[in-house]
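Two chains, two frames, some hints: make the complex.
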Amino acid sequence: MSDIAKDRVDANDAEETEQQPRRAVKTTEIEEGDPWNTIEAAFLKRRSIRRFKKKQVPAHMIRRILEIGRFAPSQGNCQPWKYVVVRDRETITEMENFCADMCRKISGALDYTAYKKGTFARWRSETFLKLFAKWRPSNMHPVPFGAVNLIANDRFKVFHHPPTIIIPLMDTRGIGHPEIDLGIVGTNIVMAAHSLGLGTCWVGLASFLNDSAEWRERLGVEEPYQLIEAISVGYVLGKPMQNTVARETHETLWIEDGEKNLIY
Amino acid sequence: MALLSKKEMKRIPIVDDANDSQFGVVAIDLENCNGCKMCTIICPCDVLELYGPRHDKKVRIKEGLSMCLSCDNCHAICEYDAISIEQTYNFVGRYKQLNRGAAIQPRLKY
Ligand SMILES: Cc1cc2nc3c(=O)[nH]c(=O)nc-3n(C[C@H](O)[C@H](O)[C@H](O)COP(=O)(O)O)c2cc1C
Ligand code: SF4
Ligand code: SF4
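The listed protein sequences correspond, in order, to chains A and B.
Going by my numbering, the first sequence opens with residue 1, and the numbers climb by one from there.
Going by my numbering, the second sequence opens with residue 1001, and the numbers climb by one from there.
Since the hints were made in silico from the structure, they are not lab data.
Some hints could be false.
Here are some chain A residues the structure puts well away from chain B; computed CB gaps all over 10 Å [stated by the list, open to error]:
no.	residue
1	T38
2	P73
3	I92
4	F98
5	G108
6	T187
One side of the interface only, derived from the structure: several residues of chain A facing chain B at Cβ under 7 Å [what the hints assert, rightly or not]:
no.	residue
7	L44
8	R50
9	T113
10	P142
11	L150
12	R155
13	P240
14	M241
15	E248
16	T249
17	E251
As the structure is a prediction and not an experimental result, all values here were calculated from the model.
Each residue gets a CB set at the ideal place from its N, CA and C atoms; glycine is no exception.
Next up, chain B with everything else stripped away, as it sits in the complex (with noise of 0.2 Å):
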């Protein structure tokens, strides 16, 4: 038994096809976010950025291919709880996540 066929173990996502690849997306709460950049800079996948007006910056995922890892290090440099990781990433074929369950944090009691 095997939980992916052979078939499907030499299959290799494209990263920008939306049926094969689905990578990381955090929520953004804008009402907290306060614009200090700290999240945009720590990211190693460079997918966040600020906009809006001088003075009421917020941030956003950026335009374009989106390959977030979901490793929620804007959230832990947040310190206006604004952004946290929503959904992890993805894949079909040999890289498709086999028993997991949703992202969560530390727990103390199950």
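Isolated chain A (complex conformation) (with noise of 0.2 Å):
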């Protein structure tokens, strides 16, 4: 065995293999208007979720749904993720600290919702974010800038108090675009946890994390990884997942038998 492939093996943790799923799914021919199936459904009624039980999921779990993270399609099979996981209650606190932190000061740099309009003070932050806004466009959304502002005030949390919270750090070197397989993985471990009954929520601002040298160092992330997003995980306090929501539908463009069409 070549030095490369030993390294991997060695790595491993003990009890590896399981039992293969029972069966693949068949496809089945359905009628339009049958009712949605067993993963539709689950895709259909899952919920970001930011209210979370105190109670810590057992290990098991955790380890059981980054098993499911582990089979994700990725670009050229290149699994450009690796995992961290935090169950530590004070090591959480710290992190949604850090990151409260960080809104607190772009949100007392840009929010200029906070003074009256035509004041000097309005002026000058208004001017902040345009600059801050050529910068980084796709970052001065205004639902980000809400949440960012919320959170500064205290009337919205970072990662909402959850018992674990799994970080898929992403390998730069990924092939193509390394975010999406990040997405795919995520996705898997969102709905992973889901099937078990337990609640997930993405948390795009734990990327302030990876601007933190200290927070680096903390959560080992180190180049060429990055930290791009977080998913918290816990056991769901009360049913935020009784109704399917409304979301928009968008335009697709339907090319067939030489013809185009737009359907939404």
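Right, dumping it as structure tokens:
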């Protein structure tokens, strides 16, 4: 066995193999209007969960969820991720405080809504915002801007105090667009957790941690890895997934039989 | 061809200017709402609040800037089918919504 191969085997935890899943899904013909199947319904009922019970999720359940992540598709099978799992209440609180502090700083400089229109202070912070937007326009969408301001004013949370946080780190050397692969591995994690009755919330604002040398050190984020997202996981408080939601339809260009049609 | 001009791509909407930014709006059915408070707890944008006398509370959108992101999580939690998204967010400039239809529930027939 080559050194490279041995390296990998040695790194594995003792228990590895599992029985095969019982049966592959058969293709089923369905009629228009047939009820949603279990998997479809799971996707439709999943919500971002921002209220968790204090109770910790057993480690084996988190491992089981990560196991589903491992089998996510990725470009060229490059699997450009590794995980950090945080389950210490104090560390989670410190992560929350750090990110909330970043929000307070950003909001302090950019939240023009804090000032009356027509005042100098208002003009100054709108100007700041416009400069900032030139540099990073995609961070200046009103929704995350609003979230940052709410967090700064203690009206919203960053991680929502979950018992466990899963952070898939992105290997920036991934093929093509490794962000896509991270999104897919995250979706596997989110849906696996959902299938076990757990709640999850993606936390894009966790990426503030990536800009801090101290947090990179504490969470073991080293080049070529980057922390771009986190996923909060825990037992769901209350019943936030009773009804499905309404969402916008999206234009779809349908090309068939030499014709092009727009459908929604 | 581009759906947005270069100028529009550079324009960042001002959030408290109604000409620039329209946030989500929820419709509340006051008949059905029993003031259980669940939607106010779940809302990620802190836009909902209860009002009214102690035994007949109802929910409403808070005064001031409401930054509802039209997630409909309030509808998902409501046991009384009393609240749901009526209008989704939209902006001028860079973040103008393109090629969308109105928000609707999952469809089985088209
Ligand atoms: C990549 C990504 C990052 C997100 N970041 C945050 C976040 O920082 N905070 C938060 O509360 N929700 C976050 N969300 C959750 C979205 O707000 C949520 O998915 C959206 O409002 C739709 O609601 P739903 O997940 O309940 O369907 C994120 C979602 C994704 C996919
Ligand atoms: S969850 Fe429904 S019933 Fe309860 S306060 Fe909100 S709208 Fe009213
Ligand atoms: S749609 Fe979402 S953001 Fe808007 S009021 Fe309902 S829960 Fe809050």
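*Quick check: which numbered hints come out false for this structure?*
none
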